[in-house]
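If you read the sequences in order, they're chains D and A. Using numbering that gives the first Met the number 0, read the first sequence as starting at 0 and increasing by one per residue. Using numbering that gives the first Met the number 0, read the second sequence as starting at 0 and increasing by one per residue.
These are calculated hints, taken from the structure and not from any lab test. Nothing here was measured: the structure is a model prediction, and the numbers come from that model. Using N, Cα and C, we set each Cβ at its ideal position, and we do this for glycine too. Some hints here could point you the wrong way.
DSBU-like mimics (lysine-lysine), calculated; alpha carbons at most 30 Å apart, straight line [stated by the list, open to error]:
1) D:Lys19 / A:Lys62
2) D:Lys61 / A:Lys74
3) A:Lys90 / D:Lys4
4) D:Lys4 / A:Lys106
5) A:Lys62 / A:Lys114
6) A:Lys79 / A:Lys117
7) A:Lys97 / D:Lys19
8) A:Lys97 / D:Lys30
9) D:Lys19 / A:Lys106
Which residues of chain D face chain A? A partial, calculated answer using Cβ under 10 Å [said to hold, decoys possible]:
10) Glu23
11) Asp36
12) Arg38
13) Glu40
14) Asp44
15) Ala50
16) Ile58
Covered stretches of chain A (in silico footprint by chain D; criterion: 3 or more residues with CB under 8 Å from a CB of chain D, positions within the stretch not fixed) [claimed, not checked]:
17) 70-84
18) 89-103
19) 108-114
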Amino acid sequence: MDELKNLLTCGSPWAEERAKIAIELQEQFVKGEISVDERNELLQDLINTDALNEEADNINVKSALIAAVSGAMSVV
Amino acid sequence: MKKFLIIAITSVTLSGCASLQEWIPSFWDDNQSAKIIDIRQRAHRIECDTVELQQIHANGLAKDIQWFLLYSESKGAVQKDVIRLVEPMEKTVGDWAKRTATGEASKAYCEIKKKVIKVQADKAANSVLWRY
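Chain D with its partners taken away, still in its complex shape:
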């Protein structure tokens, strides 16, 4: 839990947002508002979000590269 709280101020909006969700998830579970099954599924969702984030970064880098190459070609 302390590690998650440290992430809240790590400077990366993406990580901070997910840490916030993970903390809320744990708090709701402790209060008994969500079941074990629901908690496990939501934790898995956060892990799946990593895969989405990684792919999004790949697409953004490739798009930036293509834009840069196209720009360079139009100058030549």
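For this one, chain D is given, so just place chain A on it according to the hints.
Same frame as chain D, but now just chain A:
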């Protein structure tokens, strides 16, 4: 020996094409761009008050995600990156839709699910719309 060389060269060429396809990014597409914003809008408008309401929202989102994936698959091999991008959302929303069908989705669960789906949809929309 000749046969062996032909098989070896063909294998190398084919695997080369496959990895090349992995590298080539997909480009701007009007339909994908519109649909990913539909998905994002639905994510931001999720309501969790009752399981019936949750079910309507979950099924609507699942339908739009399915449309996006089927359209991208039909468009061809160069769409693999956007398919990989949206597949985690299919899983997130699919699990939610299944849970609402059996009436086992609590309001607190839905509120957190909404946050996760919003994060995923915002990120996916950003990448789909920023393509060249």
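Consistency of the hints with the structure:
Pair hint Lys19 (chain D) plus Lys62 (chain A) holds up; C-alpha atoms about 29 Å apart against a cutoff of 30 Å. Between Lys61 (chain D) and Lys74 (chain A), the direct Cα distance comes to roughly 20 Å. Compliance with the 30 Å bound is thereby established for this hinted pair. Note on Lys90 (chain A) and Lys4 (chain D): the hinted pairing holds, with a Cα-Cα distance of about 27 Å set against a maximum of 30 Å. Between Lys4 (chain D) and Lys106 (chain A) the alpha-carbon distance is near 25 Å, which keeps this suggested pair within the 30 Å criterion.
The straight-line distance between the Cα atoms of Lys62 (chain A) and Lys114 (chain A) is roughly 19 Å, inside the 30 Å bound, and the hint therefore holds. Pair hint Lys79 (chain A) plus Lys117 (chain A) holds up; C-alpha atoms about 22 Å apart against a cutoff of 30 Å. For the hint linking Lys97 (chain A) to Lys19 (chain D), the alpha-carbon distance of about 26 Å falls within 30 Å, and the restraint holds. Distance check on the hinted pair: Lys97 (chain A) and Lys30 (chain D) sit about 24 Å apart at the alpha-carbon level, within 30 Å; holds.
A threshold of 30 Å between alpha carbons decides the hint, and for Lys19 (chain D) with Lys106 (chain A) the separation of about 18 Å falls inside it, so the pair holds. The restraint placing Glu23 (chain D) at the interface with chain A holds, with a minimum CB-CB distance near 6 Å, inside the 10 Å limit. The interface hint given for Asp36 (chain D) holds, since its Cβ lies 8 Å from the closest Cβ of chain A, which is under the 10 Å cut-off. Annotation: Arg38 (chain D) was flagged as interfacial toward chain A, and the flag holds, the nearest CB pair being 8 Å apart, inside 10 Å.
The restraint placing Glu40 (chain D) at the interface with chain A holds, with a minimum CB-CB distance near 5 Å, inside the 10 Å limit. Annotation: interface hint on Asp44 (chain D) holds; nearest CB of chain A at approximately 5 Å, less than 10 Å. With a cut of 10 Å, the hint placing Ala50 (chain D) at the interface with chain A holds, because the nearest CB-to-CB distance is about 5 Å. The interface hint given for Ile58 (chain D) holds, since its Cβ lies 4 Å from the closest Cβ of chain A, which is under the 10 Å cut-off.
Proximity of the stretch 70-84 of chain A to chain D, defined as three or more residues with a beta carbon under 8 Å from a beta carbon of that chain, is established by the 4 residues found. For the stretch 89-103 of chain A, the proposed coverage by chain D is satisfied: 5 residues have a C-beta within less than 8 Å of a C-beta in that chain, meeting the threshold of three. Requiring three or more residues with a Cβ within less than 8 Å of a Cβ of chain D, the coverage given for the stretch 108-114 of chain A holds, as 4 such residues are present.
In terms of the numbered hints stated before, the structure departs from none.
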